[in-house]
Amino acid sequence: MTTLERTAEYTVTFRRDVAVLTKDDQVLLGLADRAGYRLRGVGAPMLAALEQVRAGLHTEDELAAEHPQSPVATVLTKVEPFLATGFRLRGERLAVLERTGVTGLRPDLPELAGAWLRLGKFSLLRRRGGELVVESPLSKYRAVLLDAALAGAVAALAVAQPSSEVDTEWWPVLAALAGAGFLDVGADGEFPVDSDDVLRQWDVHDLYFHSRSRIGRTDEAFGGRFPYVGEIEPLPAVRPAPEGPRTELFRPSFDAVRAADQGLQETIEARQSIRAYGEEPITADQLGEFLYRTARVRGTYGPRPEARMPYEGSSRPYPCGGAGYELELYVTVRRCQGLEPGIYHYDAGDHVLRLINTEAEARDELLRVATLSTGGQAVPDVLVTMTSRFQRLAWKYQSIAYAVTLKHAGALYQTMYLVATAMGLAGCGLGSGDADAAARAFGLDYLKESSVGEFILGSAPAELPAPVSGDGALDWRAGNDPGWQAEALAARRR
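First residue of the sequence shown? That's 1 in this note's numbering, and the numbers climb one at a time after it.
Accuracy of the hints is not assured; some may be wrong.
[Unchecked claim] Here are the simulated PhoX-like pairs of lysine-lysine, each with C-alpha atoms no more than 20 angstroms apart in a straight line:
hint: 1; residue 1: 121; residue 2: 78
hint: 2; residue 1: 23; residue 2: 78
hint: 3; residue 1: 140; residue 2: 121
[Claimed, not checked] Estimated spans, in silico, between C-beta atoms of each pair:
hint: 4; residue 1: 60; residue 2: 437; range: 53 to 59 angstroms
hint: 5; residue 1: 308; residue 2: 214; range: 46 to 52 angstroms
hint: 6; residue 1: 255; residue 2: 448; range: 37 to 43 angstroms
hint: 7; residue 1: 90; residue 2: 411; range: 25 to 31 angstroms
hint: 8; residue 1: 131; residue 2: 263; range: 55 to 61 angstroms
hint: 9; residue 1: 410; residue 2: 90; range: 50 to 56 angstroms
hint: 10; residue 1: 55; residue 2: 78; range: 55 to 61 angstroms
hint: 11; residue 1: 233; residue 2: 340; range: 33 to 39 angstroms
These are calculated hints, taken from the structure and not from any lab test.
From the three backbone atoms N, C-alpha and C, an ideal C-beta is built for every residue, glycine too.
Kindly generate the complete structure, drawing on both the sequences and the hints.
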């Protein structure tokens, strides 16, 4: 190895998260807790070569030349999943490029001479452990920047520059970063990626979230792994009720509900997003029935360690991964017969509402945001806000806890839609809300529990909105049995 190189050079090294254990003539390679590989009959020269691989300052050719009696190339082929591409300059490590998905050890390298360089729109520089890394949802690699000057050079590319203005000693590293998808390569200050219609329509946080909550482009700990067992107590299955005056809610009978409801398919076909209300408001009994049918706690059970469920679970009407049921409901009332305006917490265990905030300003702020979410079409009679007790899921799931809570919110949306339709109420799920305003109004810690969904509810208007299939629009093109919806809505009107 020479210490006189003027530009960075590629080396062979192990990933940063690989553990190398040696005992006698055996070497065990471990990749976090996901994979392992045992080499047997490893002689002293090969052990020395593997130690040099771990140090990351040698090329494969240099290792083979230094250990001519050892099968360096053969061993490196066997342990290829544990390898990464390293970079050195003047005898010091610069960076490591390691894979996060199924791809080659090293990406295809673009030509930098005469090119323009720019940090990619989706590239993220962050601390991982004690190191600075570059990640991107476009990439199946992660770059670990070990040199402060190199990190500065990469950060400086937030402003596009011709490669001629970048120190040539960094070019091999920058070419690898560009090939891996972290840097944009263009010409004369223009970049092809800027005219890519697909990438233009992706927001950074959306694509990053997508790539990190699905398998394929992430190597982080993933799924139901219970990482905090024995360290942190799990949150209870049912949230302790907040302080506040309680209002007992109506409890419907199953026989009465079964007798009054339409069939499932008719309810599905009749479902609409209704943003207008009747002259008379929804009643407290109707609200009680709605909450009972959508979100009550049927019961609790567990823990069941033998079934990989080391926490207490509950049963409720909507589906939920791992019986976690982290969602809570807060009810903001503007107009409800038999219930005073205010902000309430729904105690799903006791089926009661607890008044937690009587401030008109807090109530109006939540209702105002809900109105904006409908495009100004509705001032809700009742706003049901879904919050997530995030640590209830994060205690079990890694990488996907937030994605899972959004799936649960979607399942609860559909349950609420169907129950509202079956009860003849006006319901509508909202696409957004103000999590900070909700946290203030409900007295919550934003990081522990904050809003992830909203559903507005009220009495049905005298005239239901016409479905798209029946509004007489000239651009309507019939598909598969649109008449089902018309028949279901006609039955509802009767």
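Checked hints:
1. 121 - 78: violated, 36 angstroms
2. 23 - 78: holds, 19 angstroms
3. 140 - 121: With Cα atoms ~16 angstroms apart, residue 140 and residue 121 stay inside 20 angstroms; holds.
4. 60 - 437: 53 to 59 angstroms: For residue 60 and residue 437 the Cβ distance comes to about 58 angstroms; the hint holds.
5. 308 - 214: 46 to 52 angstroms: At roughly 22 angstroms between Cβ atoms, residue 214 and residue 308 fall outside 46 to 52 angstroms, so the hint is violated.
6. 255 - 448: 37 to 43 angstroms: holds, 40 angstroms
7. 90 - 411: 25 to 31 angstroms: violated, 57 angstroms
8. 131 - 263: 55 to 61 angstroms: holds, 59 angstroms
9. 410 - 90: 50 to 56 angstroms: holds, 54 angstroms
10. 55 - 78: 55 to 61 angstroms: violated, 20 angstroms
11. 233 - 340: 33 to 39 angstroms: holds, 37 angstroms
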